[in-house]
Structure formats: C-alpha cells, structure tokens
Amino acid sequence: METLSDEMIMQQVVEGNLDLLKVLFERHHRHVYNFLYKMSGDRMLSEDLTQDVFYKLIKYRSSYKSGAFVSWLFTIARNNLRTHYTRNHKNNLDIGVLDYKAVEAETNKTEEYSHLQRALNQLHPDDRELIILNRFQEIRYEELAQILGSTPGAVKTKVSRVLKKLRKIYMEPL
Amino acid sequence: MSADNKHISKLIPDYLDNNLEPSDRKKVEEHLSECGECQIELEETKKLFVAFDTTIEVPSDRLTSKFDEMLQAEKEASGKVVSFFPKKEKSQWAGNLLKVAASIALLVASFQMGGVFQQKKSNEDMLVLRNESLQMKQTAMLSLMENQSASKRIQGVSYIDEFENPDEAIIDALANRLLFDDNDNVRLTASEALAKFATSETVKNVFIEALGKEKNPSIQIAIIQILVGIQEKKAIAPMKKLLEQEDTHPFIKEEIKAVLPKII
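From first to last, the protein sequence lines stand for chains U and C.
Quick note: to get my numbering, add 459 to the position in the first sequence (first position is 1).
Quick note: to get my numbering, add 474 to the position in the second sequence (first position is 1).
Please keep in mind that the hints were generated in silico from the structure rather than gathered at the bench.
These numbers come from a predicted model, not from an experiment.
Heads up, the beta-carbon is just placed ideally off N, CA and C, and yes, glycines get one too.
Careful, some of the hints might be misleading.
Cβ-to-Cβ under 8 Å is the rule here; a few derived chain U residues that face chain C [as the list claims (entries may be wrong)]:
hint, residue
1, Asn493
2, Thr509
3, Gln510
4, Tyr519
5, Leu575
6, Arg577
7, Val618
Dumping the calculated DMTMM-like pairs for lysine to aspartate or glutamate here, alpha-carbon to alpha-carbon at most 20 Å [claimed, not checked]:
hint, chain 1, residue 1, chain 2, residue 2
8, U, Lys624, C, Glu517
9, C, Lys540, U, Glu485
10, U, Lys615, C, Asp491
11, U, Lys615, C, Glu515
12, U, Lys624, C, Asp491
13, C, Lys484, C, Glu504
14, U, Lys627, C, Glu504
15, U, Lys627, C, Glu706
16, U, Lys617, U, Asp586
17, C, Lys540, U, Asp511
18, U, Lys623, C, Asp646
19, C, Lys520, U, Glu597
20, C, Lys626, C, Asp646
21, U, Lys515, C, Glu543
22, C, Lys484, U, Asp586
23, C, Lys540, U, Asp501
24, C, Lys736, C, Glu706
25, U, Lys624, C, Asp488
26, C, Lys549, C, Glu531
27, U, Lys617, C, Glu515
28, C, Lys540, U, Asp586
29, C, Lys520, U, Glu631
30, U, Lys518, C, Asp542
31, U, Lys615, C, Asp488
32, C, Lys626, C, Glu636
33, C, Lys611, C, Glu638
34, U, Lys623, C, Glu517
35, U, Lys624, C, Glu504
36, U, Lys481, U, Asp501
37, U, Lys627, C, Glu515
38, C, Lys540, U, Glu631
39, C, Lys689, C, Glu720
Sequences are here, hints too, so could you generate the full structure?
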C-alpha cells in the first residue's frame, strides 16, 4: 500500500474501499495542517479546518476526477480557509484580513519560527500562499499551477520573485 | 550585476531543492564559485528554506482520532448501502440466470408443444383425409354398383379391397349385387368380394339365400365352396334341396355330394 500513488489509492476509495482514506490521511494531514497554520498562525483554527478538509475528502470522494490528488486536496484546503475568512470577516472579503497581531500573540515557538512567520505575514496573502505551497516537497510546479489555476512556467517565475521578496523581509534586522 | 547573474538567481531555489538538470547545476556551481553576491543569496535562501523545514508543526492527536471517527461513521453510513449492493447484485445475477433458464425452457417447451400439436393436427388431418377418401370411395363404389354397365358394376364391387371394415351399406350393396344382379360376372365378383366377410352372420345368410336362388353353375360352385370353407351348417338344407332339384347341373350335384360330408 505504501508504494501506491495517491491517485491509485483515491481511485480505489472512489470504488468503495473507504479504509484507504486512512492512508491518504496519514500521508497528507500534516502538510494540510501546516499549510493552514502558516497561513493563519492559529493552531486551533488549523486543526478544525484540517479536520474539515478531510471530512470533505470523505464526503465528496466520488467527485474526485483523475488528476493530481494533492492539487485536489489543497484546493479543498484553500477553499476552506477562504470560506472561513469570508464568514468571519464579512466586511473584508480579502484573505489578507489575517491579522499580524493575532499571529504574534499566538506564537510561542522558537525564535526561528516566529521570525519566518512574521516574514510570511508581511507578504500579500496570495504570495504567502504561493510560497508556503511551494515549500512542500510533494507539490511541484505542475500541481501548484493546478491549484492556482495557472501554468507551471508562470508559477515558477512568480515563486522566484516572491522568494526574493520574502528573503529580503526575512533578512531584515528586527 | 550582469544578466548572467540574474539568471543564476532564478535557479537558486531549484538548485537548493535539487531540481536542476546536471548541466544547469554545473552552471550554477561555476557561477557561485566566482560571484560573492550570489553566494550570499544562496546562503540566505538556504536559511529561509531551513526555516520552513524546521517549523513543521505537528497537529494534536485529536485530529487523527477525529478523522478515525469520521471515517468510521462514513463506513457505517455507506456500509449499509455497500453491504446491500453485493447481495442485491448477486440475487439479480441469479435472477437473471433463472430468467434466462426459464426463457430457454419456455422456448424448448413451446417448440415441443408445437411439434406435438403439429403432429396431432397432421394426424387429424390425415384421419379426416382418409375418412374423406373412404367416404368418396364408398360413394363411388355404391354409385358404380348401380351403374348400367356391367363392367362398371364389377369395378364398383372390386372396390371392396379398399375397405378393411366396410359398413352395412356396402355389405347390403354387395349382397344386392350377388342376389339380384342380372350379369353373371357381377354376381361372381360380388360373391368373391363377400367371401372375405363370410364370417359375418349377415353375409352367411346372404350366401345361403343366394345358393337357393342362383342358377349359374360356376357361381353356385363358388358359393358352395365359400360355405364349405366356413363350415356353415345352415347351408346343408339348401344344398340337399339343390341335389333333389331336377334342373341342377350334374356336376353341381357331384360337387355337393363331395363337399357335404366335409361340413359335417
């Protein structure tokens, strides 16, 4: 089972082998959680949203069509996050409502961590999302392009540009 | 810096991620060895990437246990449906097989029935045809026996061969020929025809009556022989009467004398 690709497993899940969803959960739940956590800086929220992502995976498994599984999974995660912020900040539909201060207050980790998180929070949410997703080994440019509705070439150029921006922020003395 | 440098800068993330082709990789390494600015960029990017890798958060066990709960609930919810499906499909499969078997059985049965009915029908048809042809022959026979021409009447009498169990009308018609036909040959043929049915009481009486009436010696001989053949005792009286009659042909008398002891 370990050697099967996500797509092959998902195919079997769609055919009715629900137990295999556990394999997909084990493989991906940390990444989904970390994506949501780096985006929101909120552990409780990230756990809730991660749980909801996998709930939707279970419920809407049959809506999975062939294609990269991670793209599908992270599309659900992105939408969950957007829906959450839309619901909680009706006056401000932009994902950028993510509050720097909220992250700051929440943060109680190593210096390195808060430093990166602070730097990330200074990015535009779209850029932040792009770079967080890009850092997952399992998400290559093709999958990233699928998630963002773009082309691998355009995504690659954008990643390079945003990385440069983030690096500058990160390297600035506090 | 030069355009070259800018190009390398773009390759640094993939260089760190080990995503470069060997040729590009070599190009980056060559450039890095002589460009301090790019070395700094590489180091900074590396630091950033390490920061990403070292800030991997581990969610609480609550997430895993919640997932297990959700999956279990879903399995139970859909399990009912799933457990039904194979059974249903199985029974459908068996049902279909039964349907197919039933259809085949029905087909074979109807074919057989059709064959049986066909045979019965054709048998009935044959019977009707045979009856019809017998009826026609009987009619033809009876009408031929009434014909003016003696040869036609003989032909009619000869038709008796077609009937295994002639009815009374035919026997009566033959008896009439034997008793009352003017033509010797017709009477002779009639006697031959009736000889087959000599065991019948009616026919016996006809012969006995004919023996008393018959004047033609050859027909008399034929009748005598038939009556002797069936050992008819009632024939003794008319035979003795023939012996006493003066007009009886001498060799008829001899014949009667010869056969009389055989009857007794």
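Right, here's what the structure says about each hint:
no.: 1; hint: Asn493; in the structure: 5 Å, holds
no.: 2; hint: Thr509; in the structure: 6 Å, holds
no.: 3; hint: Gln510; in the structure: 5 Å, holds
no.: 4; hint: Tyr519; in the structure: 11 Å, violated
no.: 5; hint: Leu575; in the structure: 4 Å, holds
no.: 6; hint: Arg577; in the structure: 11 Å, violated
no.: 7; hint: Val618; in the structure: 7 Å, holds
no.: 8; hint: U:Lys624 <-> C:Glu517; in the structure: 15 Å, holds
no.: 9; hint: C:Lys540 <-> U:Glu485; in the structure: 13 Å, holds
no.: 10; hint: U:Lys615 <-> C:Asp491; in the structure: 13 Å, holds
no.: 11; hint: U:Lys615 <-> C:Glu515; in the structure: 18 Å, holds
no.: 12; hint: U:Lys624 <-> C:Asp491; in the structure: 18 Å, holds
no.: 13; hint: C:Lys484 <-> C:Glu504; in the structure: 15 Å, holds
no.: 14; hint: U:Lys627 <-> C:Glu504; in the structure: 25 Å, violated
no.: 15; hint: U:Lys627 <-> C:Glu706; in the structure: 149 Å, violated
no.: 16; hint: U:Lys617 <-> U:Asp586; in the structure: 8 Å, holds
no.: 17; hint: C:Lys540 <-> U:Asp511; in the structure: 10 Å, holds
no.: 18; hint: U:Lys623 <-> C:Asp646; in the structure: 136 Å, violated
no.: 19; hint: C:Lys520 <-> U:Glu597; in the structure: 19 Å, holds
no.: 20; hint: C:Lys626 <-> C:Asp646; in the structure: 18 Å, holds
no.: 21; hint: U:Lys515 <-> C:Glu543; in the structure: 14 Å, holds
no.: 22; hint: C:Lys484 <-> U:Asp586; in the structure: 17 Å, holds
no.: 23; hint: C:Lys540 <-> U:Asp501; in the structure: 19 Å, holds
no.: 24; hint: C:Lys736 <-> C:Glu706; in the structure: 10 Å, holds
no.: 25; hint: U:Lys624 <-> C:Asp488; in the structure: 17 Å, holds
no.: 26; hint: C:Lys549 <-> C:Glu531; in the structure: 30 Å, violated
no.: 27; hint: U:Lys617 <-> C:Glu515; in the structure: 17 Å, holds
no.: 28; hint: C:Lys540 <-> U:Asp586; in the structure: 32 Å, violated
no.: 29; hint: C:Lys520 <-> U:Glu631; in the structure: 15 Å, holds
no.: 30; hint: U:Lys518 <-> C:Asp542; in the structure: 14 Å, holds
no.: 31; hint: U:Lys615 <-> C:Asp488; in the structure: 10 Å, holds
no.: 32; hint: C:Lys626 <-> C:Glu636; in the structure: 16 Å, holds
no.: 33; hint: C:Lys611 <-> C:Glu638; in the structure: 13 Å, holds
no.: 34; hint: U:Lys623 <-> C:Glu517; in the structure: 13 Å, holds
no.: 35; hint: U:Lys624 <-> C:Glu504; in the structure: 25 Å, violated
no.: 36; hint: U:Lys481 <-> U:Asp501; in the structure: 25 Å, violated
no.: 37; hint: U:Lys627 <-> C:Glu515; in the structure: 10 Å, holds
no.: 38; hint: C:Lys540 <-> U:Glu631; in the structure: 41 Å, violated
no.: 39; hint: C:Lys689 <-> C:Glu720; in the structure: 12 Å, holds
Figure legend: structure checked against the earlier numbered hints; hints not met, in rising order: 4, 6, 14, 15, 18, 26, 28, 35, 36 and 38.
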